[in-house]
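*Asks:* Chains as they are written, first to last, in full-length UniProt numbering: chain A, 1 to 209; chain B, 1 to 209; chain C, 1 to 209; chain D, 1 to 209; chain E, 1 to 209; chain F, 1 to 209.
A couple of the hints might just be wrong.
As the list claims (entries may be wrong) - Below are the BS3-like pairs computed for lysine-lysine, each with C-alpha atoms no more than 25 Å apart in a straight line:
hint : chain 1 : residue 1 : chain 2 : residue 2
1    : E       : K199      : D       : K135
2    : D       : K135      : D       : K66
3    : C       : K29       : D       : K41
4    : A       : K135      : B       : K135
5    : A       : K66       : A       : K135
6    : E       : K199      : A       : K131
7    : C       : K29       : A       : K44
8    : A       : K200      : E       : K200
9    : C       : K66       : C       : K131
10   : D       : K200      : D       : K66
11   : A       : K29       : D       : K29
12   : F       : K66       : F       : K199
13   : C       : K131      : F       : K44
What the hints assert, rightly or not - Derived contacts from chain B toward chain E, CB cut-off under 7 Å, selection only:
hint : residue
14   : Q21
15   : D22
16   : C24
17   : Y28
18   : A30
19   : G33
20   : A35
21   : G36
22   : G82
23   : T132
In short, the hints are calculated from the structure, not lab data.
We put the CB at the ideal spot given by N, CA and C, even for glycine.
Protein chains: 6
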Amino acid sequence: MIFPIFFTFFLLLSSSHASVQDFCVADYKAPDGPAGYSCKKPAKVTVNDFVYSGLGIAGNTTNIIKAAVTPAFAAQFPGVNGLGISLARLDLAPGGVIPFHTHPGASEVLLVVQGTIIAGFVASDNTPYLKTLKKGDIMVFPQGLLHFQVNGGGTPALAFPSFSSPSPGLQILDFALFKNDLATELIAQTTFLDAAQIKKLKGVLGGTN
Amino acid sequence: MIFPIFFTFFLLLSSSHASVQDFCVADYKAPDGPAGYSCKKPAKVTVNDFVYSGLGIAGNTTNIIKAAVTPAFAAQFPGVNGLGISLARLDLAPGGVIPFHTHPGASEVLLVVQGTIIAGFVASDNTPYLKTLKKGDIMVFPQGLLHFQVNGGGTPALAFPSFSSPSPGLQILDFALFKNDLATELIAQTTFLDAAQIKKLKGVLGGTN
Amino acid sequence: MIFPIFFTFFLLLSSSHASVQDFCVADYKAPDGPAGYSCKKPAKVTVNDFVYSGLGIAGNTTNIIKAAVTPAFAAQFPGVNGLGISLARLDLAPGGVIPFHTHPGASEVLLVVQGTIIAGFVASDNTPYLKTLKKGDIMVFPQGLLHFQVNGGGTPALAFPSFSSPSPGLQILDFALFKNDLATELIAQTTFLDAAQIKKLKGVLGGTN
Amino acid sequence: MIFPIFFTFFLLLSSSHASVQDFCVADYKAPDGPAGYSCKKPAKVTVNDFVYSGLGIAGNTTNIIKAAVTPAFAAQFPGVNGLGISLARLDLAPGGVIPFHTHPGASEVLLVVQGTIIAGFVASDNTPYLKTLKKGDIMVFPQGLLHFQVNGGGTPALAFPSFSSPSPGLQILDFALFKNDLATELIAQTTFLDAAQIKKLKGVLGGTN
Amino acid sequence: MIFPIFFTFFLLLSSSHASVQDFCVADYKAPDGPAGYSCKKPAKVTVNDFVYSGLGIAGNTTNIIKAAVTPAFAAQFPGVNGLGISLARLDLAPGGVIPFHTHPGASEVLLVVQGTIIAGFVASDNTPYLKTLKKGDIMVFPQGLLHFQVNGGGTPALAFPSFSSPSPGLQILDFALFKNDLATELIAQTTFLDAAQIKKLKGVLGGTN
Amino acid sequence: MIFPIFFTFFLLLSSSHASVQDFCVADYKAPDGPAGYSCKKPAKVTVNDFVYSGLGIAGNTTNIIKAAVTPAFAAQFPGVNGLGISLARLDLAPGGVIPFHTHPGASEVLLVVQGTIIAGFVASDNTPYLKTLKKGDIMVFPQGLLHFQVNGGGTPALAFPSFSSPSPGLQILDFALFKNDLATELIAQTTFLDAAQIKKLKGVLGGTN
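Given the sequences, and given the hints that come with them, work out the whole structure.
*Replies:* Have a look at this one:
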């Protein structure tokens, strides 16, 4: 009758403040800190915290950029909190563009699963690295560098970027410059763009001043 | 004539030992260290270091597990060296299985792009977390925990795991136990498996002793 | 009479929100996060938070494995929270075995202080590294790899593993596979073990299905 | 009329639990953890959280060391929480001294902006590294090593140390040894200093026993 | 005669492969890796490796931006290699501007030591954070976010940015977009700027295509 | 005949630049970097790289401090390189003392295996934390803080410190101050010790000036 004895052995290991720190599923209601969200109580964790189905749905590309980004970051997908990784989905209709942007907190690897995508990043020494990616190709965009993706064919393209952080961030260049109330003159001074150009894009994107 | 003056400004920034440490493309011929491979000289880096096409090719699943794993880790894809991320490709023919395994150095997010996959991991408290994943679903497997993937339908399945490290490692349970010269008696003692069971699997996998 | 002036100097440094972040003693009642437990208020910290006596007591080895593991992880020993280190105690009666297991979140160095221990780990390329350790020997088990310890002599053995994390985790292979409700058929499919073998061990360990 | 469509694109990205994890401004009232303070709610963050004016005010050097340290660590400057960096201000009147001290949690780079400072650190192999620093010079003190700064001229000196952590800590050797109730005999035993010397400095600094 | 005995104690500690890993002064001739440059042999390290005087010299601001950036990163200042910190110097003549840029690998704290500087950054949610900084003020720019500095007065301004990395990187927006051979059409597509605007700035900055 | 097919599956995984990055055994002849030593070629690694017997030998305590420290850091024990952990051995004869010291790069947990040890550390706020440790007790010393160990009984004591780094460093206060050529006057100025006291200890420890 060995079962009870073995059980004793197990109890020893799981005794005390038995936080299973294999993972830290995000508890959106508790305080967050520099390392991420607080952890959900182990007893409330279910397999559904580790699975996300939102990337299975095509994003709506009937917009000016003919493209959509659907994130599965820690803010949407609680299971990746604290685990150093997250994903997203890119839909690019024909002519679609993900304009120049950066992820301040992560490197990215883009996986193309449908169509053709012209992708590129620019290094700190201003060298551009461009490639036309086909189905099955992957391309890495090092952390924090400006990069873009453009549909390179006449058919819809679908790609999945992976990130080296559960909260990679996303700063879209045009939005950062034109989709707020930064004074046109200040933008002109710090970008060398003409005031007319700035005002035009502020108009398109809803910026003021 | 402002160009030369601007150029001066630029030179200042790029002067001296001008290593562009935006990235560290692996140089497989120089020594590697705990943080990864040495960096290729910047002058030798091209866009092809940042792009990998090996995941576009279906793995050969005509084997006993009816499955194949194709890695794009730092050892295969030099551009991810030092960037905290890598990918792989899973092909699962009908009946295909990626048997229980761990990645000692990374968490994983699995993206299903075709077919149906039954996936699961077991936490440190022995709780299993299982889910049948459909096209577009993602599931996270926290670092170091035992997990598996099984084709859940009658058609081929295709999935792409992403990892939170450029060198996640891969320890397949059966290989670790049975595909080497560990003495049968020692395995029996440390796994509670019967000697006959061990010898049978050693036979299948090419282990000895 | 210089004392008051010096005191002023000190006050400057300790002013404001004077959290002493030399350490972060675990407060088990506040939320925990990916980096560990919340910190106890400095005013409540005493030397007893930094000392743990639980490893001085021999574990009960009158069980099926003739062995016991006593952890001093952050969940038991609040002083190590956030400090990247923890310890445990291994008692191995004659014939005692710590079966194959992994620590998903830490590397381990085992120190033998009494008796003889046969220890080993298996690398990702399936190479086993085995050694008979005597009193005073230490052996390192790299993070996440399967390893075991067996009493190698006729007398009790005592060892102290140190870990590179305050919460290293512990996944015991047999428990992960057999001490839960994973379906026998699924285990067979993902381990290649025979159903009879699985059912036998489920019986021993209290698993179902 | 493209504005509304673009807006849709933006909403997608900011949906769900929209924590902007670009930064984590310290919330001093919520629990802190090993990685720092909890984050202030995004809606309460203002530019003033990212700006600190306390270093613009000269410290009071009318004290025994003729010097003052003014910190802008995470405990004073909430914007640096979680960002791996902080600053301070050193004022050294003629004859002023920042006595031997360490920062347990950070490396330091000292920038001299006025006057002359003799600075030095001692490495683990006991080699001292000393230099007389002039206006504009910078010197690095590697993490955790004993170092000091002394006014090297007849005029006030001003310097700004930067640290590789938002909470570098500051342990002043004389205070650690003499400004508490450690028994004189124990200090003598663990420093080889004479009891008379210890009692003299305890007297100066307000220590007891 | 106790000296020789003590010496024995010391020898024990410094025996074997006596790398002093207090620091890792950059050896620019050996391979570099993801964590930085290789370390200079301890015997070749001198105090001058830890001191840098290049920031004491005003940058040349007779250029189009009326500003200069002088870095003291690991590539210029070998002593900070591996230590998580570096500095630079900003000179801003009246009317001077450091245009929008990012540091892909570091957060920055700017210290104003002379004059007035208008500084700002834009968060991922497009909120701008702007402030006019006076002498002694410090402002933090979180990692990877677009930011700028502008001389806010009629006199020269001087500031010293500190970074949370020895190799923070510097990507200047205008240079990344216009100072290379990226096709005008592609830039237009990925920035929404007019082709004429792009060509104009390419002309100013020396870009082609 | 399934063996060859399985073998194919295995080859796929181990193909290419097959660095097993489970571990990085130190190669003392190749360059080291901020993250540690370069890795030995996998083919040259043996189990002996992971085992160290040097801690099984009592240190020589016939010296002035009646104590000995025997390190098993990465410089002595190549297997711990890159793994975030190391150990050492402390021998304390009756009356033995490990004088005040710090480990600049690691937290420590001390395990007492024989005898009685009085141990203590001083926090940044100058609070001492002292405890008399008996066999089996463990005590943690947070990173970078001054601490000491003293034999607390009339019999030899033996203890094993574990560290949260493979290269924790060791700065012994008396050696840093007195066992080199730092000028007596400068030491007096930066420690407030009397010149006579300094000269006396320089004499004992072999310092000059």
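*Asks:* Look at each hint and say if it fits the structure.
*Replies:* Status of the hints after comparison with the structure:
1. Taken as a hint, the K199 of chain E and K135 of chain D pair is broken in the structure, with Cα atoms around 44 Å apart against an allowance of 25 Å.
2. Annotation: proposed proximity of K135 of chain D to K66 of chain D holds, straight-line Cα distance about 20 Å (limit 25 Å).
3. A hinted pair counts as satisfied when its Cα atoms are at most 25 Å apart, and K29 of chain C with K41 of chain D qualifies at roughly 22 Å.
4. A hinted pair counts as satisfied when its Cα atoms are at most 25 Å apart, and K135 of chain A with K135 of chain B qualifies at roughly 16 Å.
5. Between K66 of chain A and K135 of chain A the CA atoms are separated by roughly 20 Å; this keeps the pair inside 25 Å, and the hint holds.
6. Of the pairs offered as hints, the one joining K199 of chain E and K131 of chain A holds, with about 23 Å between alpha carbons and a cut-off of 25 Å not exceeded.
7. A C-alpha spacing of about 17 Å is found between K29 of chain C and K44 of chain A, which places the hinted pair at or below 25 Å, so the restraint holds.
8. Between K200 of chain A and K200 of chain E the CA atoms are separated by roughly 17 Å; this keeps the pair inside 25 Å, and the hint holds.
9. For the suggested pair K66 of chain C and K131 of chain C, the alpha carbons sit about 21 Å apart, so the restraint of at most 25 Å is met.
10. Restraint check for K200 of chain D and K66 of chain D: the C-alpha separation of about 20 Å stays at or below 25 Å, so the hint holds.
11. The suggested pairing of K29 of chain A with K29 of chain D holds, with an alpha-carbon distance near 16 Å, which does not exceed 25 Å.
12. Distance restraint check for K66 of chain F and K199 of chain F: the Cα-Cα separation of roughly 23 Å lies within the 25 Å cut-off, and the hinted pair is therefore satisfied.
13. Distance restraint check for K131 of chain C and K44 of chain F: the Cα-Cα separation of roughly 17 Å lies within the 25 Å cut-off, and the hinted pair is therefore satisfied.
14. For Q21 of chain B, the interface hint holds, since its Cβ comes within 7 Å of a Cβ in chain E; the closest pair sits about 4 Å apart.
15. A least Cβ separation of about 6 Å between D22 of chain B and chain E falls short of the 7 Å threshold, and the interface hint therefore holds.
16. Residue-level restraint check for C24 of chain B holds (minimum Cβ-Cβ distance to chain E is 5 Å; threshold 7 Å).
17. Hint status for Y28 of chain B: violated, given a least beta-carbon distance of 12 Å to chain E, over 7 Å.
18. Because the smallest distance between the Cβ of A30 of chain B and any Cβ of chain E comes to about 4 Å, under 7 Å, the interface hint for this residue holds.
19. Because the beta carbon of G33 of chain B sits about 5 Å from the nearest beta carbon in chain E, less than 7 Å, this interface hint is met.
20. Interface restraint check for A35 of chain B: the shortest CB-CB distance to chain E comes to about 4 Å, inside 7 Å, so the restraint holds.
21. The beta carbon of G36 of chain B comes within 5 Å of a beta carbon in chain E, closer than 7 Å, and the hint placing it at the interface holds.
22. Annotation: interface hint on G82 of chain B holds; nearest CB of chain E at approximately 3 Å, less than 7 Å.
23. Violation of the interface hint for T132 of chain B is found here, the shortest Cβ-Cβ separation to chain E being roughly 35 Å, above the 7 Å cut-off.
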